[in-house]
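K.L.:
Listed below, chain by chain, are the residues.
Protein chains: 4
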Amino acid sequence: MIKAGIIGATGYAGAELARLLLQREDVEIVWYGSRSYVGEDFASIYRNTSHAVNEPCKDDDMAKLAEIADVIFTATPQGFCASQVTEDILSKTKIIDLSADFRIKDVDIYEKWYKIKHATPQFIGEAVYGLPEINREKIKGARLIANPGCYPTCSFLSTYPLVKEGIIDPNTIIIDAKSGTSGAGRSAKVSSLFCEVNESMKAYGVAGHRHTPEIEEQLSYAAGKPVTISFTPHLVPMNRGILVTAYASLVKDVTTEEVKAIYDKYYQNEYFVRVLEPGLPPETRWVEGSNFADVSFKLDPRTKRVVMMGAIDNMVKGAAGQAMQNMNLLFGLPENTGLKQVPVFP
Amino acid sequence: MIKAGIIGATGYAGAELARLLLQREDVEIVWYGSRSYVGEDFASIYRNTSHAVNEPCKDDDMAKLAEIADVIFTATPQGFCASQVTEDILSKTKIIDLSADFRIKDVDIYEKWYKIKHATPQFIGEAVYGLPEINREKIKGARLIANPGCYPTCSFLSTYPLVKEGIIDPNTIIIDAKSGTSGAGRSAKVSSLFCEVNESMKAYGVAGHRHTPEIEEQLSYAAGKPVTISFTPHLVPMNRGILVTAYASLVKDVTTEEVKAIYDKYYQNEYFVRVLEPGLPPETRWVEGSNFADVSFKLDPRTKRVVMMGAIDNMVKGAAGQAMQNMNLLFGLPENTGLKQVPVFP
Amino acid sequence: MIKAGIIGATGYAGAELARLLLQREDVEIVWYGSRSYVGEDFASIYRNTSHAVNEPCKDDDMAKLAEIADVIFTATPQGFCASQVTEDILSKTKIIDLSADFRIKDVDIYEKWYKIKHATPQFIGEAVYGLPEINREKIKGARLIANPGCYPTCSFLSTYPLVKEGIIDPNTIIIDAKSGTSGAGRSAKVSSLFCEVNESMKAYGVAGHRHTPEIEEQLSYAAGKPVTISFTPHLVPMNRGILVTAYASLVKDVTTEEVKAIYDKYYQNEYFVRVLEPGLPPETRWVEGSNFADVSFKLDPRTKRVVMMGAIDNMVKGAAGQAMQNMNLLFGLPENTGLKQVPVFP
Amino acid sequence: MIKAGIIGATGYAGAELARLLLQREDVEIVWYGSRSYVGEDFASIYRNTSHAVNEPCKDDDMAKLAEIADVIFTATPQGFCASQVTEDILSKTKIIDLSADFRIKDVDIYEKWYKIKHATPQFIGEAVYGLPEINREKIKGARLIANPGCYPTCSFLSTYPLVKEGIIDPNTIIIDAKSGTSGAGRSAKVSSLFCEVNESMKAYGVAGHRHTPEIEEQLSYAAGKPVTISFTPHLVPMNRGILVTAYASLVKDVTTEEVKAIYDKYYQNEYFVRVLEPGLPPETRWVEGSNFADVSFKLDPRTKRVVMMGAIDNMVKGAAGQAMQNMNLLFGLPENTGLKQVPVFP
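Taken in sequence, the protein lines are chains A, B, C and D.
Position one of the first sequence corresponds to residue 1 (full-length UniProt numbering), numbered consecutively onward.
Position one of the second sequence corresponds to residue 1 (full-length UniProt numbering), numbered consecutively onward.
Position one of the third sequence corresponds to residue 1 (full-length UniProt numbering), numbered consecutively onward.
Position one of the fourth sequence corresponds to residue 1 (full-length UniProt numbering), numbered consecutively onward.
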């Protein structure tokens, strides 16, 4: 029985993690950490878990939790995990951090984009970027996992094979991403009210969103050289789902079959990545509630560009599901344990 | 391994059944029946099942299916199952019919409300109304299960204890029900288009909806006398969920504690029925994607009425989940096998 | 040129009033009052008014506003208007109060349901309940208009003719009402977040909502005797719209034609009330953005009840539009001035 | 009094045109043409127009309509207007065609992208592309107006100033566009059902959408040379609204102030184009129900690109409102007659 603790369990990502872990018989949640709801029943806040959880929320004391947990998930605001992690904690337990604290190797870039001082840069080096599709082996032996962001997961999986194989010029990549509103979190803000989001769409963080350097770093590794991209997220009136539409200039003459073969090369053995038939666009509804990433592409001979597309559930493959996928790797379990859900439709 | 066949697999209810059955390791789906998509890959129609299903749709030949299936689910239009079922089929397999064909014992009432001639009234008698919370033992031994309607399931579970205990006058019951749009099915109709449903709400079938006699029959059994009710369904701009708000006149002076105790008496051992704290209204979001029914009530001393409330996912407890619950009973399995999903939120 | 001031202009109802008034050439808005946004450009908060408004928000000083305004609209929380109104203000300007402060004649009932001490009960007597369809002549000469609540407007218009004509027993009336989320206002609350409201439905304020006594008072006048009703509001995942489904026992044998004739008798000369063909249920989409109230009914001979239905736009006929209708009456203008908009669909 | 006829009045765009025209006192709608609903009351199909329209639908006989109408709007499928227009009709009335038949000057390109033979290429030359912001004077004297597409209107207005001024390389333009579902029309298709669209997002027509050559042609005129772009439309779960996010490489070093000045140069005298403060992204909610186009931009020095953004209501500025704007020009009226609506929010 894996003993798992969640710090930040009352945010949307933390609660989704609870939902997924609760369905496993080999995991016990020993800690529902919260800042706002300490002492209140978790199931009174997330009533979907009623009859499944009968525990009050605890505080966010990671050191104390480390004494009892085999793994700690931190689904917390930027800076929290970095401020709490210690060698002592890491010697006792595994940490899977759903925040951005350990995703970016260059601390200056982190501090510049996040406008925050990194409290424990000494742990950045050992942290492993928890995208199993590229870092599977490293993850298995890690103590500290930097669970990828929702946009980066979808952006990277959609574009990675063509960057890696040198089919496209990575510096021409433009990523236009669209997210459901759960990505904005559960804090009470006018801009997240139903009537403000419903029946509308907008871009935000244009040319300045903090997921940009995370995507760039990972694509740079793939390209073997520094990559700079354009990234624009948008808010969509739906609860869940991220859709990525990415554009890049082709640097080679390729056929649809050849490009399809490249995607297959990277993903045909990946349980969670479904490569669609060429030209068939992914739709967020087909991955909702699951850990799948659907990817596809379309060549455009008129412009000598390729359109790369991807869809994930931002709460699952974009957060909690991927975290559990990493947990499975950390504990030597089949990677899809507890993650075989067929997407919910409609 | 239970071999299950689905006739009508490409409707919303049939596809939901497929989704739930696919997640079980003790069930094999041997037949995806369809009228419109014979020969097409099921996973090309319901792309959420991609990588989980690799089968073409078959026709709706129940006799042929009966040769290979341990259980047949019919998620088909009214009249179909009745027109196909034979003694031979029933001797070879179990049938769980998600249509209304065998729900109503009085064939005249069926024919009057459904405006259809019942093809095989000889089987009505043996059919068991598949609401496990009241008919558990009968279900176990049945050959033919009449899986309850979505509205009746939610309406009945919300009101049953107070009718059974004689707390309310059953002939004063008024049920105002609200359903997500998946209840309207997947047929291409202008009235079900996104722009026609979104940002609107309406009643339909006022004083004439076909679920009325089904609710009345079951409440009559509970009351021990004929019951006539008012029932009004409404269409809500959401995918899933049924909410029932039911009103009735109290015939006894009762306290909130007493009424709560009555609900608990009937439901405290029911895995799928969650009785909320008195006065806390059920919300469809807290049951979405699950087989739970949340029920609650509020006494109104000013009017000497009680407001009884319930919420279910119309696709799960209102259709496919309940069908699988019945299947579990038929095969001697724990009733919640494959149905322990924590509701998906948000 | 009518000089109008809005106190509470940055709430949804106040902003809707601004939108409607801005489209008139005979009205000038001289004051955008706000508590939260004093000094900020109104058009930076409600960007829909960009290029139409070029004014900062002012405070909520009614006395000062009374010096310059011909009419003051108060779209403010309960208690505010009552706490500010004075004989001096009323001698200088007209007040149309969109809050509940002056809607209920019995101050004890007001204080009991609103849990607030009424600051100026001396003005309750002269205040006129601003439902033009029943109080048109009184409104014309009033100084202080109590603009009806959204639910009461729709509930009353749907049921009034049959109560007035004694066709139904008013004490059997059960009103099940459904509202879009703009009715919850623009304050930042978790319960109003997109992800909490979207894809869900719930009742609230069961057997205790504060619009109950307002409906009862008006129905009591119509019935000529005290009336007690059941009233349950529900929250619907849409921006605008109220739908009322009301049930009552018939006390006479009546035909559909007779009941239709009664509705026509009361409403055929009412510009804003559209009586639908019997049995055709109102839908909120058909009134969105307009001041129309669509009403209809269905007799149910099985239960000897009638189902009365109505739909309005809660922001227009339920708040700002009705307030402007009242303004028109106060200033001797055609009642539909500025209110002839055809509903927006889809 | 302008006598206007609408062919295709029962589609969403035609009905929106009816809604807008009905609110004018200087226009009479003399013909509600329809293919599917001939003889049925228009107000029974679009119940929002109840009490405003009392006319049955007529057929789509343009020649007959030309005898009585001062202007004919064709809101019809591709090919219809071209197949009907004659010199005789044009000598008697004005035509504003909301389809694509006369938008593209090169008939080969039209026929290739629309996969249809153009029936009357002889009229293409005289047709005027009805985007008043660039063709105002030509429109005034035209007989035949090609009303722009919804995506092209928003795409062009967002990018035009920077193309015209040579600030960006037009062949690097990538337009990622998002549309509400009313753009898919009112035909009964499974893919437009509520449950298929709600809670999902997808691209469609990738690298092949028929609005591409229309955008390219207009941008080519602006650039003074052939322009090829990438254009990807997406379907969004909302009724109305188009959002465009366009990317292009800067060919000059420019400051935010300089770019803002360029937008202002082209739009400061345009009633319907609102240039937002730099960096403030347009949102479709702020233009809903109005003829406004909100445009904005953000420079990205890291990538030497500019992100250009625009939002319109696809039914108004993207179709019916622009058509009415064109009608105003044709009849010598102030361009914003009947189009001063403040956007509806929420």
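Hints in this document: simulated from the structure, not taken from any laboratory.
Do not take every clue at face value.
Same chains, same names: a pair is fine if it fits in one copy or spans any two.
Under the rule of at most 30 Å between Cα atoms (straight-line distance), these lysine-lysine pairs were calculated in the DSBU-like manner [what the hints assert, rightly or not]:
| # | residue 1 | residue 2 |
| --- | --- | --- |
| 1 | Lys3 | Lys252 |
| 2 | Lys112 | Lys304 |
| 3 | Lys189 | Lys115 |
| 4 | Lys225 | Lys304 |
| 5 | Lys115 | Lys304 |
| 6 | Lys252 | Lys112 |
| 7 | Lys117 | Lys64 |
| 8 | Lys115 | Lys260 |
| 9 | Lys3 | Lys340 |
| 10 | Lys252 | Lys225 |
| 11 | Lys265 | Lys3 |
| 12 | Lys164 | Lys304 |
| 13 | Lys260 | Lys112 |
| 14 | Lys92 | Lys252 |
| 15 | Lys64 | Lys225 |
| 16 | Lys117 | Lys304 |
| 17 | Lys304 | Lys92 |
| 18 | Lys164 | Lys112 |
| 19 | Lys105 | Lys304 |
| 20 | Lys140 | Lys3 |
| 21 | Lys252 | Lys304 |
K.L.:
All hints are to be evaluated individually against the structure, with a verdict given for each.
P.N.:
Consistency of the hints with the structure:
1. In the homo-oligomer, the alpha carbons of Lys3 and Lys252 never lie at most 30 Å apart, since the shortest distance is 50 Å inside one protomer and 50 Å across protomers.
2. Taking the closest pair of Cα atoms, Lys112 and Lys304 come within 30 Å of each other only across two copies (19 Å); inside a single copy the shortest separation is 35 Å, beyond that limit.
3. Taking the shortest alpha-carbon separations for Lys189 and Lys115, both the intra-copy value of 21 Å and the inter-copy value of 27 Å come in at or below 30 Å.
4. Proximity of Lys225 to Lys304 under the C-alpha cut-off of 30 Å is found in both arrangements, the shortest distances being 22 Å within a copy and 19 Å between copies.
5. Taking the shortest alpha-carbon separations for Lys115 and Lys304, only the inter-copy value of 23 Å comes in at or below 30 Å, while the best intra-copy value is 38 Å.
6. Taking CA atoms no more than 30 Å apart as the test, Lys252 paired with Lys112 passes between copies only; the shortest distance there is 27 Å, against 36 Å inside one copy.
7. For a Cα distance limit of 30 Å, the shortest separation of Lys117 from Lys64 inside one copy, 25 Å, qualifies, whereas the shortest one across copies, 50 Å, does not.
8. In this assembly of identical chains, Lys115 and Lys260 lie within 30 Å of each other by CA distance solely across copies; the values are 28 Å between and 40 Å within a copy.
9. Taking CA atoms no more than 30 Å apart as the test, Lys3 paired with Lys340 passes in both settings, with 21 Å inside one copy and 20 Å between copies.
10. Taking identical chains as interchangeable, the C-alpha atoms of Lys252 and Lys225 lie at most 30 Å apart whether they share a chain (18 Å) or sit on different chains (26 Å).
11. With identical chains, the CA atoms of Lys265 and Lys3 are never at most 30 Å apart, being 36 Å at best within one copy and 35 Å at best between copies.
12. Taking identical chains as interchangeable, the C-alpha atoms of Lys164 and Lys304 lie at most 30 Å apart whether they share a chain (19 Å) or sit on different chains (24 Å).
13. With identical chains, the CA atoms of Lys260 and Lys112 are at most 30 Å apart between copies only, with a shortest distance of 27 Å across copies and 38 Å within one.
14. In this assembly of identical chains, the alpha carbons of Lys92 and Lys252 never lie at most 30 Å apart, being 50 Å within a copy and 56 Å across copies at closest.
15. For a Cα distance limit of 30 Å, the shortest separation of Lys64 from Lys225 qualifies neither inside one copy, at 42 Å, nor across copies, at 61 Å.
16. Taking CA atoms no more than 30 Å apart as the test, Lys117 paired with Lys304 passes between copies only; the shortest distance there is 28 Å, against 43 Å inside one copy.
17. Taking the closest pair of Cα atoms, Lys304 and Lys92 never come within 30 Å of each other, the shortest separation being 53 Å inside a single copy and 47 Å across copies.
18. Only within a single protomer do Lys164 and Lys112 lie at most 30 Å apart by alpha-carbon distance; the minimum there is 27 Å, versus 36 Å between protomers.
19. Taking the shortest alpha-carbon separations for Lys105 and Lys304, only the inter-copy value of 25 Å comes in at or below 30 Å, while the best intra-copy value is 34 Å.
20. Only within a single protomer do Lys140 and Lys3 lie at most 30 Å apart by alpha-carbon distance; the minimum there is 18 Å, versus 38 Å between protomers.
21. Both within a single protomer and between protomers do Lys252 and Lys304 lie at most 30 Å apart by alpha-carbon distance, with minima of 9 Å and 24 Å respectively.
When the structure is compared with the earlier hints, violations turn up for hints 1, 11, 14, 15, 17 and for no others.
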